[in-house]
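2 protein chains.
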Amino acid sequence: MATETRGRMTAMPVISAKRMQDRIDAIVEAATAVFGAKGYEAASIAEIARAAEISDGLIYRYFSNKRDLLYRVLEAFYERVVAALEKEAANGATFEDRLHALIRRHLGNFVADRELCRLFLSEVRVASDYKGSAIQNLNRRYVSVLTALIEAGIGQGEVKADASPRLVRNVIFGAIEHIAWPYVNGDGKLDVDETAKAVTALIYGGIGIPAKT
Amino acid sequence: MATETRGRMTAMPVISAKRMQDRIDAIVEAATAVFGAKGYEAASIAEIARAAEISDGLIYRYFSNKRDLLYRVLEAFYERVVAALEKEAANGATFEDRLHALIRRHLGNFVADRELCRLFLSEVRVASDYKGSAIQNLNRRYVSVLTALIEAGIGQGEVKADASPRLVRNVIFGAIEHIAWPYVNGDGKLDVDETAKAVTALIYGGIGIPAKT
Numbered sequence: 001m002a003t004e005t006r007g008r009m010t011a012m013p014v015i016s017a018k019r020m021q022d023r024i025d026a027i028v029e030a031a032t033a034v035f036g037a038k039g040y041e042a043a044s045i046a047e048i049a050r051a052a053e054i055s056d057g058l059i060y061r062y063f064s065n066k067r068d069l070l071y072r073v074l075e076a077f078y079e080r081v082v083a084a085l086e087k088e089a090a091n092g093a094t095f096e097d098r099l100h101a102l103i104r105r106h107l108g109n110f111v112a113d114r115e116l117c118r119l120f121l122s123e124v125r126v127a128s129d130y131k132g133s134a135i136q137n138l139n140r141r142y143v144s145v146l147t148a149l150i151e152a153g154i155g156q157g158e159v160k161a162d163a164s165p166r167l168v169r170n171v172i173f174g175a176i177e178h179i180a181w182p183y184v185n186g187d188g189k190l191d192v193d194e195t196a197k198a199v200t201a202l203i204y205g206g207i208g209i210p211a212k213t
Numbered sequence: 001m002a003t004e005t006r007g008r009m010t011a012m013p014v015i016s017a018k019r020m021q022d023r024i025d026a027i028v029e030a031a032t033a034v035f036g037a038k039g040y041e042a043a044s045i046a047e048i049a050r051a052a053e054i055s056d057g058l059i060y061r062y063f064s065n066k067r068d069l070l071y072r073v074l075e076a077f078y079e080r081v082v083a084a085l086e087k088e089a090a091n092g093a094t095f096e097d098r099l100h101a102l103i104r105r106h107l108g109n110f111v112a113d114r115e116l117c118r119l120f121l122s123e124v125r126v127a128s129d130y131k132g133s134a135i136q137n138l139n140r141r142y143v144s145v146l147t148a149l150i151e152a153g154i155g156q157g158e159v160k161a162d163a164s165p166r167l168v169r170n171v172i173f174g175a176i177e178h179i180a181w182p183y184v185n186g187d188g189k190l191d192v193d194e195t196a197k198a199v200t201a202l203i204y205g206g207i208g209i210p211a212k213t
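First to last, the protein sequences are chains S and X. Following the UniProt record's numbering, the numbering of the first sequence begins with 1 at its first residue and continues without gaps. Following the UniProt record's numbering, the numbering of the second sequence begins with 1 at its first residue and continues without gaps.
Heads up, a few of these hints could be off.
Copies of the same chain look alike in the list, so a pair counts if it fits in one copy or across any two.
[As the list claims (entries may be wrong)] As a list, the in silico DSS-like pairs of lysine-lysine whose alpha-carbon atoms are at most 25 Å apart: (1) Lys197 with Lys66; (2) Lys87 with Lys38; (3) Lys197 with Lys160; (4) Lys160 with Lys66; (5) Lys38 with Lys66; (6) Lys18 with Lys160; (7) Lys189 with Lys38; (8) Lys66 with Lys131; (9) Lys197 with Lys18.
In case anyone wonders, no lab produced these hints; they're calculated from the structure.
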C-alpha cells in the first residue's frame, strides 16, 4: 500500500512518509466519526474534511471518493477488532471458556461500534464490490479465529471429533448477526452477557465433550 | 386490501373484481420472472408490462412504482413459503424429525427461489421501509412456525426445559441465512441435504433430550 500511495504522489510536493500516514490516519478518523454520527448516505466529503481540519482537495489526494473512504474506515475498524479477537481467543482455561470469551467479544463489537457494524452489514457486505476486497480478507481472518479455536478443541478432545469447524463457525456468526441486527438497525436492546451465555450454552451443548470430573 | 384497491379504481372503467385480481396476479407473476432473471436494478416497468402482455399504464393503475411491485412480488413469494412451512412443521414422528424437516425446507427455499431470496436479503430487509411492512409481518409468521415447534418440543419433554425458543429460532435462521448467502449471491454451491442434517445435529445436540430406548 505504501508503494501505491507514493506512486500516486509523485506529482505532489514532497512530504515525509510519516506526515502522509498521519494525514491519512486523521482523515480516516474523521470519516469514522462522521459516518458513525450521520450514516453513509448523509455524510459528505466536505464535512469529513472539516472534521479533519483539512481541505476537500487534500482528501481527494488520498481517496478517490466517499465509497473508497468508507472501505478504508471499515478496514481500519476491522483491523482493530481482528487484533482484539485474536488476543481474546488465547484466554480461558477450557474450550468452553474460550468459546464464551470469543462469542462475548463478537457480540460486544456490535454494541461498541454499532454504526460501523450497520455500515458493514447494510452497505458493504451485500454490495457487488465486496468480493475480493480487503475487507473480505479481514473478515476471513476474523472468522478464522473461531475455526482455529474449534479445530484446537477437537485436537484436545474437548469438542466432538465429527463437529465441522466451518459449519459451527457459520452457525455462530450467522446466529449472532441475526440476533444483533435489530439492535444495530436501531431497534431494541442487546444484552451482551445474557446472549453470549445462552449462545455458548447452546453451541457447547451441541458439540462439546464435558470434562470428566 | 380489496377495499383499498377498489378505492383507487373509482375513476376507472368498471371491471369485475375477479378480472382485476387476475390482472394483478399476472403483473406480479411477470414481475417475479423479470426480477428473478435480471435483478431489481436492471428490471424496468416497461419490461414487466411486456412480459405481462399489458401496457405500462395499466401497471401504474395497480402499483405506484417498481419498489411497490418488488414488495408485492416478495409478499406473494412469502405467502407461498409460509404456507409450505406451516404444512411441513406438522410432519415427522419426533421433534428431531420435525426440526430436520423444517430446517431442510427453509434451506431448500434459498435454492428454489434464489433470486427472490437475494432480493429480500439485499434490497428489502436492510431497507428503512422494511419495519412495519407486510413482508415483515409475513417474516414473523414464517419464523413463528419454528418457535411453536420448539415450544411444543419443550411441552412434550423432547426439548430441554431451559431452552429459549426465541434464541434457538434466531440461531437457526441466522445460521442458515449466513450459510446460504454466498450461494444466493452467486458464489459456490449449497448442499441442502448435507447442510440440513449437520445444522439439525448441532442444534438437536444442544437442546434435545433423546428418547429413552
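Hint check:
| no. | hint | in the structure |
| --- | --- | --- |
| 1 | Lys197 with Lys66 | neither (39 Å within a copy, 44 Å between copies) |
| 2 | Lys87 with Lys38 | neither (31 Å within a copy, 45 Å between copies) |
| 3 | Lys197 with Lys160 | both (20 Å within a copy, 16 Å between copies) |
| 4 | Lys160 with Lys66 | neither (47 Å within a copy, 50 Å between copies) |
| 5 | Lys38 with Lys66 | within (14 Å within a copy, 28 Å between copies) |
| 6 | Lys18 with Lys160 | neither (50 Å within a copy, 59 Å between copies) |
| 7 | Lys189 with Lys38 | within (20 Å within a copy, 38 Å between copies) |
| 8 | Lys66 with Lys131 | within (19 Å within a copy, 28 Å between copies) |
| 9 | Lys197 with Lys18 | neither (44 Å within a copy, 54 Å between copies) |
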